[in-house]
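2 protein chains.
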Amino acid sequence: MAEKKSQKSNVVLRAQLRLMLGDEIAFGPGKADLLDAIRETGSISGAGKKMGMSYRRAWLLVDSMNRCFLEPLVDAAKGGANGGGTQLTDLGEKVLRDYRVLQQEIANITDKHFENLKPLLRDSPLSSEK
Amino acid sequence: MAEKKSQKSNVVLRAQLRLMLGDEIAFGPGKADLLDAIRETGSISGAGKKMGMSYRRAWLLVDSMNRCFLEPLVDAAKGGANGGGTQLTDLGEKVLRDYRVLQQEIANITDKHFENLKPLLRDSPLSSEK
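Chain order of the listed sequences is L and S. So for the first sequence, the numbering used here puts the first residue at -16; every next one is plus one. So for the second sequence, the numbering used here puts the first residue at -16; every next one is plus one.
Treat the hints as calculated values from the structure; they're not laboratory data. Check before you lean on any hint, since a few could be wrong.
To be verified - To give an idea of the chain L side of the interface with chain S (calculated C-beta under 8 Å), a few residues: (1) Ala9; (2) Gly29; (3) Lys33; (4) Met34; (5) Met36; (6) Ser37; (7) Gln70; (8) Thr72; (9) Leu100; (10) Leu109.
Unchecked claim - Calculated lysine to aspartate or glutamate pairs in the EDC-like style (CA-CA distance at most 20 Å, straight line): (11) L:Lys101 x S:Glu98; (12) L:Lys101 x S:Glu23; (13) L:Lys101 x S:Glu7; (14) S:Lys95 x L:Asp19.
Where is the CB? At the ideal position from N, CA and C, for every residue including glycine.
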């Protein structure tokens, strides 16, 4: 998710990028962060913990990605006795890298527009009449 | 919402742009479409009908925008005996225009990346094992 906060710290222009395969989110901001965390921790459970989610939730997200792409993005089988734990596959590295580049390009564009939009907003919403 | 569909018609790269003021969505894809519909129909009820939402839902979205920006985006008071019904204010026109330009610029970027990502996906997700 590309976010740009203003000096009015409660104002954010958020661009959420989701790659949909039918009704399933093949890739999006949560899955990208999870891949980063798997690379950092070397395990699905460690990545889930880092992101404040259950092992089951993290596993389901990994399973979803692996079922949507032609090849898995995460290889949990590279562990074992001498293994380095769970790793991203080459495809996982590529998809994550492409997604981050796209996020950055979009952030560069939203930053410009945000400067124009932010002065038009109040500090906080007026109360609703209803 | 900027969407790019592939020849695999079930694959979409969706970029959802939301301008947040605290927890409230000051402006986003639904509100932009509603402003277009208000401009086209000249009324909140007509716009709601066109978008398949209740009058109450459409009114709440208009109220939300009007409470978040320094001035209202929609002026329901320009109607009356000789009035042209509900209209966008100058600020409403400006915000809608800026948002559509931003959407288009983002679509131009996502289109390029989508061409790279789409061949990596299956035609549909594999079934989950669980």
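Return the numbers of the hints above that this structure violates; sort them in rising order.
-> 2, 3, 4, 5, 6, 7, 8, 11, 12 and 14
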